[in-house]
Amino acid sequence: MERRLSTGWLAGLLAGTLLLAGCSAGSDGTRHARSDRAAPAPDRGAPKRTAPDRAAPAPGLSTFALDVDTASYGYARRTLAEGRLPEPTGVRPEEFVNSFKPDYPRPSDNGFSVTLDGARSDAAGWSLVRVGLATRASEVERPPAALTFVVDVSGSMDEPGRLDLVKDALGLLVGRLRDDDSIALVTFSAEARTELPMTRVGGARERIRELVGSLGTSAATNVEAGVRTGYDVAVEGHRKGATNRVVLLSDALANTGDTDADGILERIDEERREYGITLFGVGVGSEYGDAFMERLADKGDGSTTYVSTPEQARKVFVDQLPGHIELRARDAKAQVAFDPKTVESFRLVGYDDREVADEDFRDDRVDGGEIGAGHTVTALYAVRLRPGKSGRVATATVRWLDPVTRAPHERSGSVASAALAAPLWGAGHASLQLTAIAAYFADRLRGERLPGAPALSLLASRAEALATRARSASVQELAQAIRQADSLGGGSRGSDPYAD
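Read left to right, the sequence shown gives residues 259 to 758 (the numbering used here).
Simulated from the structure, these hints should not be mistaken for lab results. Note that the Cβ used here is the ideal one computed from N, Cα and C, for glycine as well. It cannot be assumed that every hint is accurate.
[What the hints assert, rightly or not] Ranges of calculated distance between the beta carbons of each label pair, as one might list FRET restraints:
#, residue 1, residue 2, range
1, V662, D361, 44 to 52 Å
2, T475, G705, 18 to 26 Å
3, D610, A382, 23 to 31 Å
4, R364, G341, 38 to 46 Å
5, D610, E468, 25 to 33 Å
Start from the sequences, fold in the hints, and give me the full structure.
Right, dumping it as structure tokens:
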């Protein structure tokens, strides 16, 4: 939704809400104000504020919980490859954007780097502003992990590319975990069964491989039973000082038990708060309950991804899972303040399900996102600048809780209008171009159109050119998906609400 700014609101609001100190350069050379000031923790015993007591949201603010999910993009690619357009309601643009990892500067500590850049779009008066957040990759030995795998063995998982893919992926992972890591295994169909209580990997590696290899399918899909049993096992095997996580592997096509997720969500929330157990959802299958899985992961302070090939499974379980194991931040949120003297209106691309009330940004009782080591988070805005005005455009602040101490921290960065003067498709903007291509593509699949968005055929050509220059297979896959959507008429959905 586009938000228009009025210059009549309090001029001191931005300065009063953002605690900035010092300056540093971002990856594009733009000067960024930054802060790493910890605010005092809220009184946990204080009553929750009710809506009438809250101040009205500031018109120049955009606040959202951080998100590293990528399942929407993976499932859309699979759907397009099968000759079908994805359902618009299942397209989440932030998951398209965050499927690609820009080379943002990394912080030297366990916090975040904040990088803002942008460029002029092809629509008159409109620019793109990108907010990039990154955490430091693991450089020292991570803490041990206590992982409870909850595996769907219902009849629908018998299709090639479902349970067989899960078994291969788990086999790979078992070989990569350390001796001091722990694994539990729960399976579910009509009912749930504990195949392995929490067990140290050292000395049990072959037994775990044999259990995984023996998994077979039967009966209905009771996700509720699987998740509830999985959390029971995770709580029973909880390890202090370890990263405790439930990993759900399923097509999420619940057809028995609690199938609307509400009862499951309440249980996940309870265990998350008391034990700090988070949920990582891995989706499989040509038919996949994407919305159901996303709700579970969001409530479980975790993330989701989707795999359909052995190569993708290897990437998730061998390359990416370590980043999900070692947390850098809990309840992370971002707030972007747009200067009304410079900005007429703005629109955040995606994050519809991750919106946070502006006044709740510093309320640490309000859930945010969990971010691991080496992760990046990108948010893209379409921004309409006021004609003839120059100066600061936006200041972004990220707030998070230390995973161990729960102490709050903040860090900020800014971007000025001068940094948005160059054209998007000019030289030197390859990283921003890729972000824009992913966002434009997702927006068109939803039946919408960002200002300056090219036709899908031109968007595919731009993606192909990027893929060739970077020699990137993942960008080539994006280009192919755009071509497939174009051939299916994906570019004809909706109209251009920004056309003059």
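Against the structure, the hints:
Between V662 and D361 the CB atoms are about 28 Å apart, so this pair departs from the stated range of 44 to 52 Å. Taking 18 to 26 Å as the suggested C-beta distance range, the pair T475 and G705 does not conform, at roughly 37 Å. Hint check: D610 to A382, Cβ distance near 27 Å, so the stated range 23 to 31 Å holds. Distance hint check: the CB atoms of R364 and G341 are about 41 Å apart, consistent with the given range 38 to 46 Å.
For D610 and E468, the hinted distance range of 25 to 33 Å is not satisfied, since their beta carbons lie about 44 Å from each other.
In terms of the numbered hints stated before, the structure departs from hints 1, 2, 5, listed from lowest to highest.
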